[in-house]
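Peer 1: Listed below, chain by chain, are the residues.
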Amino acid sequence: MTYLTDVAALTRKDLRVELRARDTLPAMLLFVLSTLVVFHFALPEGTGDDAAYGLLWVAIVFTALLGLARAWVPEHEHGVLDGLVLAPSDRSAIWLGKTLATLAFLVAAQVVALPAFVVFFAPLDLTALAGVLLADIGICAVGSLMAAMAASSRSREVLLPLLVLPLAIPLIVGGVGAAISPEGERYLLLLALYDGIFAVLSWASFEYVVTE
Amino acid sequence: MNWSQAELVAAAYGVVFVFVLVYVAIIAAKLVRLQRETTELLALARGREAAVRRGAASAAEAPGEA
Amino acid sequence: MSTSLIRTLPGLAALAAGLMGLAIVLALIVAPEDADQGISQRIFYIHVPIALTAYFCFGLGAWKALLLLWRGDERYDLESYVAIHQGTIFGALTLITGSIWARASWDVWWTWSSNQLVLFLVLFLFYCAYFMLRFSLEEGARRARSSAVYALFGVVLIPISFLAIRLAEDFIHPTVFTREGPQMTGTMFATFCVSWAALTLLAYVLYRVELAGKRLDADLRELREVLL
Chain C
1 MTYLTDVAAL TRKDLRVELR ARDTLPAMLL FVLSTLVVFH FALPEGTGDD
51 AAYGLLWVAI VFTALLGLAR AWVPEHEHGV LDGLVLAPSD RSAIWLGKTL
101 ATLAFLVAAQ VVALPAFVVF FAPLDLTALA GVLLADIGIC AVGSLMAAMA
151 ASSRSREVLL PLLVLPLAIP LIVGGVGAAI SPEGERYLLL LALYDGIFAV
201 LSWASFEYVV TE
Chain V
1 MNWSQAELVA AAYGVVFVFV LVYVAIIAAK LVRLQRETTE LLALARGREA
51 AVRRGAASAA EAPGEA
Chain E
1 MSTSLIRTLP GLAALAAGLM GLAIVLALIV APEDADQGIS QRIFYIHVPI
51 ALTAYFCFGL GAWKALLLLW RGDERYDLES YVAIHQGTIF GALTLITGSI
101 WARASWDVWW TWSSNQLVLF LVLFLFYCAY FMLRFSLEEG ARRARSSAVY
151 ALFGVVLIPI SFLAIRLAED FIHPTVFTRE GPQMTGTMFA TFCVSWAALT
201 LLAYVLYRVE LAGKRLDADL RELREVLL
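Residue numbers (this note's numbering), protein chains in the order written: chain C, 1 to 212; chain V, 1 to 66; chain E, 1 to 228.
Chain C on its own, in the form it takes in the complex (with noise of 0.2 Å):
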């Protein structure tokens, strides 16, 4: 029960610091919706819409990086990190809370984000969006235990993305699967393996990689 509690505390903390301080959310906003302005662009008249669900995709991964990055700031900054480590309760928590703030700051900007891309380039069904939070749900999962390696390196802003975009992979293809294949539900079943996975691994691997 104090696990949970404990969980729940450290997640409040960061959606109350980011509701005070309102730089990264805002941030995660408008560079989502830059970027799906650029792609408007960036796509030659006559591609498909298949084209534009992939860009969303990128969009997403990027943004969430975005996202991930700044979340460690603060904690690294301010030597926060150290303290909660020291603090008594299971570390892995550190993980959960960081993970279910970041997945509320990416939920929160594709509620923007989504209705855009919709209006601007092609239409999203209800696997499409399945998709999209299963792939979040992975993102920030494995995301957060990277950004917690990553924070303690001098060249940090760098290093995350290309800790990250390998493992990103199955999951872009998940989620363009999930909105444009048929068969979308083969798809939602890899991220969810995905998920399952990888979510574990991070949460049993993340007292290592903070602990001296």
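Derived by calculation from the structure, the hints in this document are not laboratory data.
Among the clues, some could well be false.
[What the hints assert, rightly or not] Simulated pairs of lysine to aspartate or glutamate, EDC-like, Cα-Cα distance not exceeding 16 Å:
hint, chain 1, residue 1, chain 2, residue 2
1, V, K30, E, D217
2, E, K214, E, E74
3, E, K214, V, E37
4, V, K30, E, D219
5, E, K214, E, D107
Since this is a predicted model, take the numbers as computed values, not measurements.
Based on the hints, put chains V and E in the right spot on chain C.
Peer 2: Relative to the frame of chain C, chains V and E by itself:
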């Protein structure tokens, strides 16, 4: 450039062969570097030993004079 | 020759050299030429074993990483790193020989419809990022453990990526290029096995050599600190 099939097969095997040779070259360079370091450290160790012996010798003299 | 001589590094290296020589003779001369693909099929004898060896090295790296996290012995960090280093090199060789084979079979230097090649490209990127991670963290227990976790993620990524790439075939490219599955004769299969054994042993020998070199480096550094 038009490659014949036989040339490509030779290229594939050749790449692996060259890789092994490059590896040998890298190890040879490392060996040279390790050799240099060991000689340096050996000189340091000998210097230390001589200093210790000189120190012991002068310590043996001083009580002898006093 | 006693068995302990074989187990020493020079013994293993000599065995690897012998097997490689045998493999090359078998692959280029003895094995019968494939009726459909002609001489370019012979690349199979070196490309596929190299790919399998790369997997072996990544697996070895992940195993050592698991041992590091489980037993906490710092020694495993270097062993994991060297294994992954070997795996990445063999991965690059897989991509190069695969590209040459694609050129020989279909006249293109790259194709997205070869699942194995695409998988290796993804893995290659992943493990290159491993080195980026290592070089940007300071030496210590934290770096060792982060590298170990990342190495474990790598092997889990292999089957999942493969599944994803298989599914991606449906909407990325129609499969234009196919290669006949190996309906190998006995000689062909034997050649493949010899080549596979030779390359795996070669990778292991190189792994041991590199490990010994790095340990020597560390010992000399320690000696220097004692003497200065």
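Peer 1: Can you give the numbers of the hints that this structure goes against, from lowest to highest?
Peer 2: Going through the list in order, the structure violates hint 5 alone and respects the others.
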